[in-house]
Structure formats: structure tokens, C-alpha cells
Amino acid sequence: MRRLLILIIVSVMLTPLPGFAKRVRYKVVEVSNGGHITGVVKAAKKVPDPVLPIEIKPKEDPKETELEKKACGDKQQALMYLIGFNMGVKNVLVIVENVKEGKAPPKKDLVIDNIKCRFEPLVGIAYVKSKYVIKNSDPIFHNTSLAKVLKNKRRTVYNLALPRQGQVIKKPVRATGLHEVKCDAHYWMRAYIFASRHPYVAITDDKGSFEIKDLPPGKYKVRFWHEGFQDVVKEIEVKPGSTTNVSVTLTKTRKPSVLSRVGL
Amino acid sequence: MTVLILIVLGILLSPFNGFAQDDTGKRIYNQWCAQCHGYEGDGEGYAKEFTFPKPRDFSLGTFKFRTTPSGDPPTDEDIIRSIRNGNPGTSMPAWKRFSDEEVKALVEYIKEFAPDVFEFEPEPIKIENAPPATEEIIKKGKELFRVAKCVECHGQHGRGNGKKAWRDDFKDDWGYRIDPANYTYPWELRNGSSLKDIYRTITTGLSGTPMTSYQDSLSDEERWALAHFIKSLQVERRLGISLRLKKVESIPESTDDPQWESLDWLDLPMAGQIIFEPRHFTPTITNVRVRGLYTEDKVAIMLEWVDKKPNKGDDGMPPDGIRLQFPSKIPDGSERPYFYMGDRRHPVNLWVWNAADNLGKEYIAKGPDTVYSQQKQDVKAVGVYDDGLYRVIFVRSINTGDSEDIVFETGRFIPFAVTVYDGRLQEQGNKGVISAWYYIMLEPSTPLRVFVLPPAVSLMVFFAGFLLHKRLSRKADA
Amino acid sequence: MTNFYPVVALLGLAISLISVFRKSPFFNFIGIQITVYGLLKSAALIMPPLPGQVITMYMAMSVFAFLIYFSIQEETFRAFLEPMRAVLADRDKRILRVVLVFILIPLLAGYIAYAKTKPSFEPPVSARIVHPEPPQQIDFRGKTIKILGLENPLRKDTEKLKDYIEEGKKIYYQNCFFCHGDDLDGKGHFAQAFNPPPLPFRGTDTIAQLPESFVFWRIAKGWRGLPPGSAPWDSAMPAFEDFLSEEEIWKVILFIYEASGNKPRTWE
Amino acid sequence: MAEKSIKQGVIKGIIKLTVILGASFVLLFMFRKMLPAPTEDGYRLLPVIGSRVWVWIVAQLHLNFAAFVLGVPIFAVTMEFLGWRRSDERLDRIAYDFTKLFTLAYTLTALLGAVLMVSLPLLYPKFIDHMMKILGPTWWVYILVMYGEVFVCYYYFYSWKRMKDRKGIHVLIGVLLNVMGILMLLITSSWVGYMTTPGGVSETGELVNRWQAIKTYMWIPLSLHRLVANVVFGAGIAAAYAAFRFITARSDDERAYYDWMGYTSAMIAIGFSLILPGIGYLLGVEIYAFNEQMGIQLMGGFFAWLWVMQAILIGAILFAVNYYLWISLNKMPGGQRYFKYVKFLFVVIFLGYAVWLTPHSVALSLEEARRIGSYHPALGKLGVMASKNTAVIISYLATFISFAIFRMSNKEPVVSWVKTGQLIRILLIVGSSVAVLGLGVYSYMVPSVTRVKVLSPIQFGVFFLCIVALYLLDSRMYKGARIIGEPKWGKMPERSQYALIAITVTFTWLMGMMGYMRAGGRQYWHVYGIMKDTSPEAYLPSHGTASVIVTIVTVLFFLLVAFIFWSIMKLERFSEQRRAG
Amino acid sequence: MKSGVLKLILVVIGLNLFFTYIGLDFLPQSESHPPREIKIQEGISQDDLIVIGEKIVFGKGQCMVCHPMNAETGMRAPAIATIGRDTKEHAKKEGISHEEYLFDALVNPSKHIAEGFDDIMSPAHKPPTSLSEGELIAVAAYLQSRGERVTISYPESLSILKEVMKKEGGS
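Top to bottom, those sequences are chains F, X, Y, L and H.
Throughout the first sequence, residue numbering follows my numbering, covering 1 to 264 in sequence.
Throughout the second sequence, residue numbering follows my numbering, covering 1 to 478 in sequence.
Throughout the third sequence, residue numbering follows my numbering, covering 1 to 268 in sequence.
Throughout the fourth sequence, residue numbering follows my numbering, covering 1 to 581 in sequence.
Throughout the fifth sequence, residue numbering follows my numbering, covering 1 to 171 in sequence.
Hints listed in this document are in silico derivations from the structure and should not be mistaken for laboratory results.
Even glycine gets a Cβ: it sits at the ideal position worked out from N, Cα and C.
Hints are supplied without guarantee of correctness; some may be wrong.
Simulated pairs of lysine-lysine, DSS-like, Cα-Cα distance not exceeding 25 Å [stated by the list, open to error]: (1) Lys151/F / Lys111/X; (2) Lys54/X / Lys96/X; (3) Lys431/X / Lys187/Y.
So these bits of chain F aren't anywhere near chain X, every CB distance computed over 10 Å [said to hold, decoys possible]: (4) Cys72; (5) Lys207; (6) Lys213; (7) Gln230; (8) Lys234; (9) Asn245; (10) Val246; (11) Leu264.
Using the sequences plus the hints, can you model the full thing?
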């Protein structure tokens, strides 16, 4: 009888809990014989990779301006459309969406390095509970502003100043979703990071191929994101122990904000 | 039977925990905050276009004024502080009227607009053992001011006119143009102007704006030194009603003549012109400083105000400028012309200077829309813009002989008012930033009676005392 | 500075208590005056400081009243005058007399004369009539509206009252709040720039004392409508007949009464 | 003077009046010929001081003397009646002295009236024609009543000695004299009432109904207010006379008599002044009823600050009265017992006066206004009518208690229920003051219309009830009480007499200022709403200029009164030598 | 006895002076003057002319029925606030003097209709408004004062008004 009593009390207590449950999106669970996804991302046609003109605005004291001109030069290869001879597109984010449960995300910090007035890497993946490691390897002042991309606004998550060369700041990864990294001192610098709770995210290599392992079986949506191409979403079915192949051709291009910032 | 009790207990309990989300927060929010911050907390209230800076959009989840490191959500005390003390320089007032419970409920309701941001428990930074302000700490701070690149946005003298501030993508997360803070005007600092406030702003940064957090890039001592230096830039604001003009031999020509620094000054708090069409609700200039002196035949008045971006009238915007207003006749009774542009029965003199042609012009105004220039121009004006600060000197002879001009007299309270224009916001004509009537007084040489009367009075009192003494002592002996 | 005044008040009290025991009404009088002055000045701790003019008035009255009080009974009056008489007349008090009567008091009188005659840099403060009497009627965009005895027409249809107040709130926060304050306490964003400062609507001294048609006249005519006694040339109150319609003005009046928790005065 | 026969005295009086009236008519006729024609909108401007200021001074002097001449007889007749009933020779002597006072003052009042009668038609011909057209007949009635008044007055004075045995009839004559006085008061009040709140006339000023023109809004309340004010003023002048004689008295018994006379007249003055605020309130209500805007202008607009001045003056009067009563405790055997209450009463009146003095809107300098906003929370609270009413009532209550203490200080109650009697008294005092204070505080929370219409009258009611109850209680408790000793009349320090004179001077000055406000009520009109004042002096003078003019009037008035007092003393000395010689 | 009377006089004079001091120093010193009766006759100043004009426009003339103070959408006649400047430009375009244009606008309004408005105004000197010549000049002066320097004055502008009246063939 008492057990019944406890059960009811707990159930009553739980009623408001779904309010909290909603927040816990991803349950870490042991995946015995998960399925795998591999594939190649190709571009429909060769798109020339633009060159970003760099214009150093005069600083308060002229010595600084010279230093900055020497460090950053006057133009920079955008490295936006890296399309191999097999039309494979590099730096495409492959994101498996609405994953309810799966392996725990790896403990791997993402290093974001300000080097030669550009962010290294251009596209990266960060995992919740590990850290961003923001480095400034240039002799000049950088400030890294990392913000989550919303519909037409951006929510700043971190906004850190790195005045000295070799400076390193570590910050925990908390907010998930696609983030855009900018430097308020140099308007042409950019980087894109996808922070995720689960390991089922991948970046295509220079041949455009990628591989995601040990997915619990089930129906998923896979999103292919590239800064220069429109997003493409594919429905897939993962069967235990098998590898499903997903290949996509990116056709419609789009103009990322950095180009308008540099005036192209 | 017990099952029945249990079910009843269950029903009873469920509304109880429903109680936690009762609606005092919502009621207060909708009654006193929604008109600016919007009923959905997205900053789209109907008072939005009458405020500058724009009301906070809570739904985006980014909070500028925090005691927590960059990336963390604000603590409840942070939001309570913003509600309780308001933000200087904005139209967010200090809400003292609500009880603590009400404010707590209000904070809970506000946090509901961006729930995912508040999932983590933030731990605020520690602000203690602030070193005392010493000469070399401030010098160190000045050095850091350059190293940490504050100069780029805040300018050499911290007036918020750094070169980088003028790129068109210098926006905040909400998509509005934003100006770097002007450290010299403490009453404009949104996050507070005390040493601790400045230290806190440097350490946590204002996320959502280009103001970065230096918590990791500068050590505590460095940040305290920087805070001390910034605090030392703050100007002492002297609000008052009248200004004395000293008599000197000759009027210094250039604006940075040290003689001007030695003079007494008066600060005029400015407000947008909201009385006549076109009304101006969102001015940026909040203060004009007035100094003055006079010689045997000339009067010179220097006006000083901070304008973060100079508009010379050649960039498609109207030029920056200033207008000094005097009644055309020193009023004897208490009757005066209307404080903005006079009225039909009491015309006013306008001394106008603008950055485009940098010379003084004289106008007569009998109301906001009847202004015409004078045939005989007697006012000379020279203006200089240096690192964010406009300094304009108007010089005119005390009696120009022109019937329409005011004749200055020593020892009399002469009303004056100021209208200032910042070209960047298309301010011209009636769309400007105005002040109320204030007074200048040409300090008279102390009149004779000040030397004659007091000794006479004390002599008389002495004599009366003596007389009393004589009478009483005679009575005492008798 | 202000927390120094309670000490002054206590000092005065001590003097008068001692003098009551030593039976010298003169010092008792001095003690009481100091106490009164200390109390008046230390009122600034619990509320905004009393203006200068009011303190001088109260002090003058207190000196006059206590002088009378000590002159009621013959012996007390004689005892009261005794110290003064002694200083002026007695032989043994010669040095005190020379110092006090022949040096200090004349100098003090001279200083007061100097303070009064030296050119003061405080401009003349002219008392302003805050609630001038309203005109009998005003013409509002060509239509004459009778002010005396007029009630707010919108207050009658009660079921639409809620929406009127809501619309009034919208009008208030688009035309008035930057001077009269978000919380209707007269501390808006522009309040500090205008002299006289904008009126607060909270408290029992402003709109609580006024009928709604008076407030309508003030809003419609703004500074233009004020009689000379109320210094219209300083008032920054715009004439809202140029910006708002008649109904909008009535609605904003409904709102400011509702939000400030005051009841309008009815025409008796 | 008393030896003349009644007939001779009366004829002398009538001749004097006819001579003055005749002379003024002749003068008027001559001047009208000699002086240049008035401007076309009907004004002649007096060169130096301006015609308005001249008429203001003469009218106010004439008014002061009229109040004196109409107030004192009421006071004299009551004294004679009491003297007759209680066969107290002193009361009779005082009545005789007062009659002497106002008989002498008659000539001066008549002279001033004549000057006024000449200057008004000359300086404001058009206005006087209009007034004669509307209220002409009342003017002739006025002259008739004046003759009646003079006849009865002289008869009443000269028959004093002869009709010693037929006192009843003599008192009746006195009453008739007063009736005449009141009639004159009514007639003159109707003129002023018509000017400020006109009635019975068409828009363009044609007469519609003369009775309506007389019976205007302001007529009765103004007459009532003036009647009571006259009594208070008459008693005040009598007190001043007594003080003057006390200072100049040579012998002790003379000093004792005039001390007693000063005390009685001062108490009567203050007794009647208790009613004045009530009637003033009535007058205010009638003005509001006539025209809302005039009411607001008097209460809240241009004249708002004058009420602060009134507060200062009445406060000073109350202070002086209490001071006089407390000093007179010295001369009462057994008065020492009550001195411990004096401290308490002093504090109450001091605080009441402080609250009363707090101005509602204070002239703040800019910094103060910026710091505390244009309203000082505490001062704002004290400056409002609610607190002022409460302060007035509490101060009057304290004055009454000082009076009661004085009256019973030399008596010992012998009635059985003394203990309960004292208890009741304390209960009454504490109870009523708590009630008044409670009502005062409550009236803050209540909308202003209930405060004005309901709470203030209740406060006044509680106050009156308490006073009446105290009075009855004391008279019952002290019936047949043991007298510790007769009050040593005459043993008063000179300062107390200055207090008496201060009361009268303040009261006269206040009358002058209130006249300025009543006249100001009709702003720029001769007759409000009907006849515009288009003369260059049509503006309302500032309170400062008004104070200066009122001071000139008051000083002139007291010079003339001093002349009367001096001439009475001279006559008495002369008749003494003749009797002694 | 002598010193007693002296003190007496002192008290009387002293009190009076004290009350005068309060009256002069303590109370606000403001006189209230009657509203100035200004009539349109020879030698009237331009300012008074404008004041009368304004009274007529906002009062008897009933102009506010169609002419709003500030330009607003859907207004049936030009806004008054800037009418002085607007009519000056139209007059320059039409090549006639500003005064003539203003009188025309009042006496025969249909002659110059600003674009975007239609011909709905009745002549101001005819019933129902039936303004006198002096009043017409006053109104014209007020309209000119809204944005331009006033050149109209009484009686100098009478000649222009008469001439405009003749042309219109009016009374």
C-alpha cells in the first residue's frame, strides 16, 4: 500500500517535470551495433573562390597601422569554395538532426587560432562539456566574438579581447547550434563552428567525403551546410550494423555576409 | 478510502507547484515594462522609437550589464540592480516603488523570455580589494589604455570618438548602430560610473556589443589600473542656474588658451526639442559647458560639447552647430521671452555657428517658425573640433548700436539658452537639442556701497551699545 | 554635512537643560533656539532638505515666540534680562563687555550688512503660482470647450473604460513619459533639462487636487495657456492641441489618474 | 460737555452734519465746473498719486472709522444693559466712555465720508452715474438714516446723565441707535455687493429689478461678516483706548479701571473673532456660488498667497491675546498654580502657528526644485487646507483654555463634585482636540469635495460644542466658589498693554488687506461682468504695493484715533479742573 | 508717561513696517493686467496685427475646420504651420507679390489652388465668415508670419487689398 502511495506522490511531482524534461534533449546511452553513414558532397559546377580585399583603417598611432598592414597584407584568399577536381566540396558540415540518444560526445577541445589575420580552422566542430581554446598567434590585437546564429540576429556567446601575441583563453562550450565567429578589429575575418551535444557531426575533407559512425538505428534527417551553398537536408534510415551512403550535389549558391562586409 | 485521499492529495499538490509560476511578475511586467520592452519581451514596445538607446530585447537572451564572465547569463542580482537603479543616460528609470518579492517575480518572468540562456548557474566575478588611486597607477592605466586597444574605439581622450567606431558594421547584436561610451561624461555611462562599475564593465564586457571582456587578457591589477585611468578622465559636472563672467584685459583668441581653463564654468543639461514640430525624441548630446569673460567693450562666451563624429556638412548630413539665444532686451520685471525661440511680443537674438562655414551669424527670432537674419551682423565666432570636443567662442561688442541687438550690462542677470545640433542625426532647424533659460552675469566691480555700508552699520551698533551701557550703568549706580 | 545637525540639536538641548537647573532663562532661550535650528536642519536626513526661505521663517517665528514666553512672568523676565544688563552695566564684567558689545556684535552686524549688500550671484527666485485659475472656456481647434464644471466624457461609458485606459497608456508612452517619467514621478529622461522641472502625477499635491477639465486645459494649451503669474516663458509643456485629438487627450487623462492611483477632484 | 441740555447737543450734531453735507455738495458742484471734462470713457486722473490710490486710502479710512462708529455702540449698549442689570457702576462708566468715543469719532467719519462723496463723482463720473441709476434711491435712504443715526446718537449721549433713573428707556435708545447703525451697514454693503456680484441688471447694465440689485449674492454674508468684524474692531479700539489710558494714567485706581476695561474689551474682541472664520467661510461659499472662477481666483489663483499673510496676522493676534492672558495671571492671587499649564499651552500654540505659517507652494531655487521636484513632500502636506484648519481650531481652543484658566485662577470651587468636574473638563479638552486632529488627518485621505463640505464643518462643530460645554461646566462648577482674592487690577507690566495695541493694529491692517482682496475679486471691472474698468490703473496691484498703501492707511487711521483719545483726555482734564475750580 | 507714549508709537509703526516687509518680501510680486484690447486702427503695430489675425484664424474665422495646424495625412486644406513659406514659393512661381497672393487666397480662393487640394473654400469677406478689410489684412499678416518675415501692415496694405478686390469684382 505504501508503495502505491509513493508512486502517486512521485507521479504528481513529476507532472511539472516534463517542463524540465524538455530541456534535456539528448540522453547518453550505450550503442551496441549502431549503423554508419558515409558519403561524398559534390558541387554542381566549379565556383571560383573569391579574393577578399583587405583595407586597414588608419589606427590612432601610425606605427600600429604599419604593423597591421605587415601582418595581414592587403588581400586574402577567401578559401570559401574549395572544390576538388572530383567536384568534391571541402568544409561542408554534415549534421545529423533530431538525435534523441546516442554515444557521449568526445572530450575534444576546439582550438580557434587567430593566425595571419584569419581564423584557423574556417569550419570546426565543438562538443558540449569540452572547451573552446582561443589563441592569438598574430603580433597584432584581435578580439574574438563568437555568437550563435539566429534567424536574422546573432546572440553573442563569447566576446573576448586578445591584445597580446600567444595569448590563450579557454571557455566552456555550452550553447549548441551553428555559431559564427568574427573579429571586431578585422572585419574580413570569419569562422563557423557547430557546437553539438552528440558526436554525429562531420566535416567533409578536400575530396568532399565524410563518415559518421555508430548511430543508433532509426529515422534521421541529415543537414548539409556550407557557407557558400544553400543548405540541403536528406531523410535517411539507419539500420543496425549497416553503412548507408548519402551523396549530395550542392547547386544553389548564396552570398555569405563576409562578402558584403568586404564590399564584394 | 486511502486511494481517495491520495487522489485528492495529488490534485491538491499539483496546483501547489503550479503556484510557483503565479502571475505577479507577468502583471507588473505588462503594466509597467511592456510599453518599452514589448509584451513578448522582444523590445518592440510602442514607446520604442521615442527612446535612445533602444529598450532591451529579452527574447534574444543577451544581457549587457552583468557581474558574470562573458558567455554566462546574468545573476538575478544583476537584473534586480538594473531594475532598482535604472541605467543612467538611458530612459530606463530606477523603479524604487516595487517590493522585493514583486521585483523577484518580475526577474523570474523576464528570464522566461529566453529560458535556454538561464540553464547554467553563473558564478559572478569577485570585485574586491580595489587599490587606491595613485599617480603611477593612473599612468600605468594610461599605458594599458593604448595596449588593450581601448584607444581604437574610445579615442585618445576617451570621448567615444575612436576611428574604428565609424565603420558601418559597428552594430550590436540587435542590429542597431552603437557608439562607444564617452568616459568623460560619467552621467552617460549605462553600466554605472563608479570605480567598481568601470572595473566590472572591463572585466565582463558588454556581451551583444563590440565591448569585449578583458577578464582573461588582462590581470586584475591591470584592470584596476585601467579602471583608475578611465575614472580619472571623468569631468566634474557643475549644474547651476547662473554663471559669472570675469572682467579681463583682453579676450584670448584661440580655444585652447589656458586662460579658458582657469574660468568658472556652468554645465547645461540638454534635452530634445519636443515642444514644436518636428519633435526630437532621441538626441545623443546631453551636456553643453559654458564659460565666459568680458572686457571693457567686448563679451566672449565659449561653448563646449562632445560630439563623437564631426559632420562638416559635406557628407550629405546637415553640419554640426550651436545656437546661443539672448532676449533682445534685458527683461526688467520677471517677464521673459519664451525659452525656445522667444515669442511674438518678446523677440530673441540668436548667435549661430555651424561647422560648415565656421563663422558667427546673427538672427532674430519671434517664435520657432519666424526667424530672419539681421542686416547688420556683429557677432564673430570661431569653432574648433579636436578629438571629439567642439569648442566655439562667440565674441561681440557689449553695445553694437544695432537696435535689434541685446545691450549687455554689468551686474544684471541676463537670461541665455542654448540649442545644439549633431549633424549625424539630421538635426537642424527646430529638430535640435535645447536647454532652459539660464543666467550670465557680467561681474560688476564691487559697488561703493559694499565698502561704505557695513562699516557704517557696525559703527551704529557700536554706538547704540555704548549708549545702552551708559544708561544702564547710570541706573545701576543710582 | 547633514549628519552634523542632530549633534547641534542635542548640544542645544543640553544647554537649555543645564540652564533650567541653573535657573538662567537667557541661556535656556539660546539653547532652545539652537535645538530648533538643529532639528530643522537635520530634517534633511529623513526627507528632502527644507528650503532656505522656510527655515529662516520658522527661526524668526521661534525667536519671537520664545522671547514672548520668557517675558510672561516678571521675575523670569528680569532674570532673562539680567545677563544682558550685567554685561552692559556691571563694573566687573568690563572685559566681557568690551569684547562682546563693543567688538563682536558690531562686527557681526557689519558682516550681515555686507552679506546683504554684496552683489549676490543667486538670480531672483520669483514665486510661481503653480495652480493658476483655468479660463472659463478654451477654443480647441476652432471648437470652444467649456472648462468650468466639465467632466471627462469618456469616464461615463464604463464598459469601454478599460480599452480607453489602455489607449491612454499608449499615448502617454509616446508623448509624455520622457519628461513626466515612466513611473509618473516627474523623473523622465529629459526631466533634468527643463526649469521648472516636469510635474509628478503621484502624490497628493498635483493632479489629485485638480478636476479633469483643468488637466485637459493644461494638456491642450500647454505653456501658451499659462497666465503671466505662472511664468509661461519657462514652461516646456508643449501645446498638445497641435499633436493630439480631443479624445486622445481625454484618454491620456484617464490613464494618468488610473496609473498614479489618484482620484480627480469633482466640481463641487 | 455733559452739562449741555439734550436739545442743544442734538441740534449741535444735526447742524454739524448738515454743514458737512451741504459743504460737500457745494464743493462737488464747484469742482465739476472748474475741473477739465473727464476723458470720454469717463475718468479724471488725479495727477500725483493717481485717482485709484486716493479713493482707496480715503475709502479705507472712512471704512475703518465706520466700523469704529458702528461697532462701538453695540458694545456700549451691552455694557450699559449689563451695568443696569447688575447695577455695576463700572460697567455704566465704561459704556459712557465708549459713547463719548464714538460720538467724537462721528465728526471725523462724516468728514471722511464727505471727502469720499466729493472725490468719487469727480474722479469716476461715469461709474457713479451708473451706480446712481441702479441704486440711487438707496443713497437718499442712506442720508436719511444718517440723520436718524446722528439724532439718536447725540440724544443717547447727552441724555446719559439725566436719564440715570429711567435706564430702561435709555438702553432702548441705545438699541435703536444700533438698529440705525446696522441699517447703514446693510445699505453700504449692498453697494459693494452689487459691484462685486451684480444682480437685477441686464447684460448691458439697464436696471431690471432694483430689489435683485440690492439682494445680490454677496449682500447678506458681507454685511454679517462686517457686522461681527465691526464689533471685534470696536472692542479692539476700546482695548487700545484702555491701553493708551493705562500707560498715561497717573493714579493707581485710574490704572486699575483701565486695566479692567482693557481686559473686558479684549475678551469681547477675541470672543466675537471666534465666529469670524465661520462667516468668512460662508462669504467664500457665496462667491463660489456666484462665479466659480472668481472663487478660484480668490482662493487658489492670484490671491493664494494672501491667505499666508492672513495666517501670519491672525496667528500674531492669537499669540498677543494668549500673552496678555498669561501675563494677567501674575496679578491674580492663586494664579501661580496654573503656570504649569501655560508651558503646555505655549507649545501647542507655537506648533499650531508653525503649521499655519507653512506656505503651500514654496519659492524653490532651481537646485532645490531639481533635487526634490517642485513639491516638498512634508511641506506640501502641511501647506494644504486640511492641516491649516486643524491648526486654526487647536490654537483657538488653546486660547479659550487660557481664558478659562484666567477666569477661574482666583477662585476655589466648592461644589461637591469637584473631582468629577475636573475630570470632565480634561476629558472634554483632550477628547475634542483628539477628535479635531483625527478629522484633520482623515481629511487627507478623503476627496476634496467631502473635506470642504463635510469634514471642516464637523471640526468647527466639535470645537464650538467643546467651548460651550467648558463654559457651562465652569460656570456651574464655580457657582458660589470661594474667592481667594480680588484680582489686583492695575498691577500689569507695561508690555501687556503693547500686546493689546498690537492686537488692534494687526486687526486693522488685516481689514485693510482683506479689503484689497475683496476689491481685487472683481479684477478689471467696476461692476463685475457689466462695466469694464478702462482707466490706465485698471490692473491689480501686486501684494507689495497693496501692503504699502494699507500701511499708510493704518498709520493715518491710528494718528487720527490718537488725536481722538488725546482730545477726550483733554476734555476730561478740562471738565475736572472746571469741577474742581 | 512720555516714554510710554513713545514706545506705543514705536509699536504701532514697527508692526506696520513689519507687515509691509512681509507683504513686499515674502509674497510673490506679480501684477495681473487685463487682456489688452487691441483694435485695428491707424498705427497698429505689426505684432498686434498678427495677434488679431491669429485670434480670427483660430476663432471667428473657423479656418481650423479644414486647415489643420500641422500637416497630417488626409487634410482637406494646406497646414497652417508652414503656410507662410509655402505661399511665398507659390507666389514666386505665379510671378505675383506675396501679399497679393495671400489676399487672393482669402478674397477669391479658387484663383490659386495648391496641387493636391480642391476648390472648397468660400471667400473670406462674404458670409458666413464675412471678415472686414482690416480683419482680412490681419489674417493675411498672421499667415505670412508662419515662416516668412511679415511685410503686411495696416493701413499700407489696404491699397493692395482694394486692387485685388476690384480684380475679383467683389464688393
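Chain X versus Lys234/F - minimum CB to CB distance exceeding 10 Å, so not interface: At roughly 27 Å from the nearest Cβ of chain X, Lys234/F sits farther out than 10 Å, so the non-interface label holds.
For Lys213/F, is the shortest beta carbon distance to chain X beyond 10 Å? Label holds. Min Cβ-Cβ 29 Å, cutoff 10 Å.
Given as non-interface: Leu264/F, which should sit over 10 Å from chain X by C-beta: With a cut-off of 10 Å, Leu264/F remains clear of chain X, as the shortest Cβ separation is near 14 Å.
Compare the distance between the alpha carbons of Lys151/F and Lys111/X with 25 Å, and conclude whether the hinted pair is satisfied. Within the cut-off at roughly 21 Å; holds.
Given pair status - Lys96/X, Lys54/X, alpha carbons within 25 Å: holds (22 Å)
Does Cys72/F sit more than 10 Å from chain X, CB to CB? The assertion about Cys72/F holds, with a minimum of 15 Å to chain X.
Verdict on Val246/F as a residue remote from chain X, using beta-carbon distances over 10 Å: holds (30 Å)
Minimum C-beta separation from Asn245/F to chain X exceeding 10 Å: can you confirm that? Nearest chain X Cβ is 35 Å from Asn245/F, so the label holds.
Can we trust that Gln230/F is non-interface, i.e. its beta-carbon lies farther than 10 Å from all of chain X? For Gln230/F, whose nearest Cβ neighbour in chain X is about 23 Å away, the distance exceeds 10 Å, so it holds.
Would you check the hint for Lys431/X and Lys187/Y, treating anything up to 25 Å between C-alpha atoms as holding? holds (23 Å)
Interface-negative label, Lys207/F against chain X, beta-carbon threshold 10 Å: holds (35 Å)
The structure is consistent with each of the numbered hints, conforming to all of them.
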